[in-house]
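*Asks:* Could you build the full structure based on these sequences and the hints that come with them?
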Amino acid sequence: MIAFQHLHKQYGDVCALGDLHCEIPQGATVGLIGPNGAGKTTTMRILTTLVPPTSGDVVVNGISVTQQAHVVRRCIGFMPDTFGVYEHMSAHEYLDFYARCFHIPAHERPSLIDDLLGLVDLSNKRDSAVMSLSRGMAQRLSLARALLHDPAVLVLDEPASGLDPRARVELRALLHELHAQGKTILISSHILADLADLCTHLIILDHGKLIAYDTLTALLSTQQTRRIVVQTTEPSPQLRMVVEALGYRMSADAQLPTRYVIHMQGDDAAQATLLNACIAAGIPIHQFASEANTLERTFLQVTGSTI
Amino acid sequence: MWHNINPIVIREIRGRMRSPRAFWLLAGFLVAVASTMLLVYTASDLSSSNRATASSDSGSIVFLTLIGTAMLVLLVLTTILSASSIAGERERQTFDLLLTSQLSAGAIVVGKICATMAYGGLLLSAMTPLIAIPLLIGGVDTTELLIMYAVVLANMGAATCCGVYWSSRASSPLIAIGMSLACVFGILVGIPIVAFTVPTIWQALFNNTDILQFFAYFVLPIHPIATLILTNTAIREQAVWLTPVSFLSGTPQLPAMWIVSIIESWLISLAFIAGAIRRLWPTR
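Heads up: the protein sequence lines correspond to chains A and B, in order.
Just so you know, we're using numbering that gives the first Met the number 0 here: the first sequence kicks off at 0 and counts up by one.
Just so you know, we're using numbering that gives the first Met the number 0 here: the second sequence kicks off at 0 and counts up by one.
Hints in this document: simulated from the structure, not taken from any laboratory.
Hints may contain errors.
Stated by the list, open to error - Covered stretches of chain A (in silico footprint by chain B; criterion: 3 or more residues with CB under 8 angstroms from a CB of chain B, positions within the stretch not fixed):
hint, stretch
1, 45 to 53
2, 67 to 79
3, 89 to 100
Unchecked claim - Sample of chain B residues at the chain A side, in silico, Cβ under 7 angstroms:
hint, residue
4, Pro6
5, Arg10
6, Gly14
7, Arg17
8, Arg89
9, Thr93
10, Asp95
11, Thr99
12, Leu204
13, Asn206
14, Asn207
15, Leu211
16, Gln212
Claimed, not checked - Distance windows between CB atoms, simulated:
hint, chain 1, residue 1, chain 2, residue 2, range
17, A, Gln180, B, Ser103, 23 to 33 angstroms
18, B, Met16, A, Thr53, 27 to 37 angstroms
19, B, Leu134, A, Asn123, 51 to 61 angstroms
20, B, Glu90, A, Asp114, 30 to 40 angstroms
21, A, Pro109, B, Met16, 14 to 24 angstroms
22, B, Ser103, A, Ser63, 13 to 23 angstroms
23, A, Ser122, B, Gly105, 28 to 38 angstroms
24, A, Ser63, B, Phe213, 48 to 58 angstroms
25, A, Thr81, B, Gly137, 58 to 68 angstroms
26, A, Asp114, B, Trp240, 56 to 66 angstroms
27, A, Ser122, B, Pro128, 45 to 55 angstroms
28, A, Glu107, B, Val30, 28 to 38 angstroms
The beta-carbon is built from N, C-alpha and C at its ideal position, and this holds for glycine as well.
*Replies:* If you want it as structure tokens, here you go:
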């Protein structure tokens, strides 16, 4: 379990993080999202003991980051947003070096490294120079490095940034596997679709403040506005009158004159009322569908932004 | 045993030796030292009128030149290499990964120092065939050779620690190298200035030079080249371990200048190591 306890970080006059207070349950996969400068990286750097907080604390499995940083590092695996490379080093040597840095006994290292290279599907790149690896392979190697000491908590800063679609899918599958192994995972990412697929919980930060923290399901269900996509067989000016009569907003698709998007507040009953009103008005509807609530729209709603 | 060595030392040495730069540095170092030695030997040989004493004098001069040149080159090289160590990790964005590992700040700093010293030691041992030449010519014995090597290693250690200290403070390798070289050249240029101006002013004001000898006894050994020259003179005067220093009314026998130089180099190194560890400490 990770407990952020009234965490505060000040850089001169700038408040990077203000009173972050929440608890992440063990085994959760938590997405850390927010606009640039929201405090995501600061939160991760404090958690990984790279910077001390101005006040407050983070407790990881009962161990304080400020009091016992050395012990906390044993149970945290960190994957930064950049993949720093050492020249003239193979993938195996790269992992071996960090295994030594984590004081992993010599007799355990060869099999551990081979296992991890297998887990991240890089066994065939064992002796390849780290610098020659593609971005996706480098990210997977970085993840293998973060797993060397079998940490209970994984902190991943923008793990999918710069990856091609195939590499993103592979990384997602790998993270699903780690979640299944019971690891607590904290991921910062701007790719919300990936987070929606991976995360059990979400932390939304803005200007250093905690805006929302809940399970993904709960956050998605708080979305107030529904988007209904209506398609008619021919352009229908009547539809606007019906929608506005019920107090909703509608926008027409500039490129497809028979496609309309209705923004409405209300539940399933209100949606049924709208459909009945359209049919009663004789609008030639051939498609009437409510768009699924997306993380993007939840994020925009929670942070008070609009598209 | 190999498994228990600081991982940073292994990685640094491995990375450095796999780079083609290691070969060029080694070749450049040997060419610089050998050319200087050849020039000095030729000049010494041509200027000697008495062939009987010429051999031992030439041997001593060539040896001193060889060690002096090696010392200067090694001071600059190890300073540059060590200054780019921690700052280089920051630039490569690998430093955070080290900080989040189980390595202590001390292990990181000592690892960087040992790796640079190992490379410096390699360069020093690579010039062994050149050192054999003045030994064959004569005028140099094994004791002098060992003493000079000890002085070179101690001063190289201090320069390395200075580089690592600035590397731990600077945001880029370039700044770290600049600050470290400024320190090293500050000592090389500053100590002679202090050693010559302070006694002159002191004597003009107080007409007493006793205390100045004591002052020089502690200040001059900080200068590596001055230490080599004065040690060479002392050894030729059979004062290998002790040296007389006029102080007030007496002339006590104090440890030789090379011993003071090594001790002072160690103290300077320890101060830089403590500074570098302290610099990394807040995050450890």
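*Asks:* Does each hint hold? Answer for all of them.
*Replies:* Structure-based check of all given hints:
no. : hint                                    : result
1   : 45 to 53                                : holds (count 5)
2   : 67 to 79                                : holds (count 7)
3   : 89 to 100                               : holds (count 5)
4   : Pro6                                    : 4 angstroms, holds
5   : Arg10                                   : 5 angstroms, holds
6   : Gly14                                   : 5 angstroms, holds
7   : Arg17                                   : 4 angstroms, holds
8   : Arg89                                   : 9 angstroms, violated
9   : Thr93                                   : 3 angstroms, holds
10  : Asp95                                   : 6 angstroms, holds
11  : Thr99                                   : 5 angstroms, holds
12  : Leu204                                  : 49 angstroms, violated
13  : Asn206                                  : 56 angstroms, violated
14  : Asn207                                  : 54 angstroms, violated
15  : Leu211                                  : 49 angstroms, violated
16  : Gln212                                  : 50 angstroms, violated
17  : A:Gln180 / B:Ser103: 23 to 33 angstroms : 30 angstroms, holds
18  : B:Met16 / A:Thr53: 27 to 37 angstroms   : 44 angstroms, violated
19  : B:Leu134 / A:Asn123: 51 to 61 angstroms : 55 angstroms, holds
20  : B:Glu90 / A:Asp114: 30 to 40 angstroms  : 32 angstroms, holds
21  : A:Pro109 / B:Met16: 14 to 24 angstroms  : 23 angstroms, holds
22  : B:Ser103 / A:Ser63: 13 to 23 angstroms  : 19 angstroms, holds
23  : A:Ser122 / B:Gly105: 28 to 38 angstroms : 36 angstroms, holds
24  : A:Ser63 / B:Phe213: 48 to 58 angstroms  : 53 angstroms, holds
25  : A:Thr81 / B:Gly137: 58 to 68 angstroms  : 59 angstroms, holds
26  : A:Asp114 / B:Trp240: 56 to 66 angstroms : 59 angstroms, holds
27  : A:Ser122 / B:Pro128: 45 to 55 angstroms : 46 angstroms, holds
28  : A:Glu107 / B:Val30: 28 to 38 angstroms  : 46 angstroms, violated
In the structure shown, a violation is registered for the earlier hints numbered 8, 12, 13, 14, 15, 16, 18 and 28, in ascending order.
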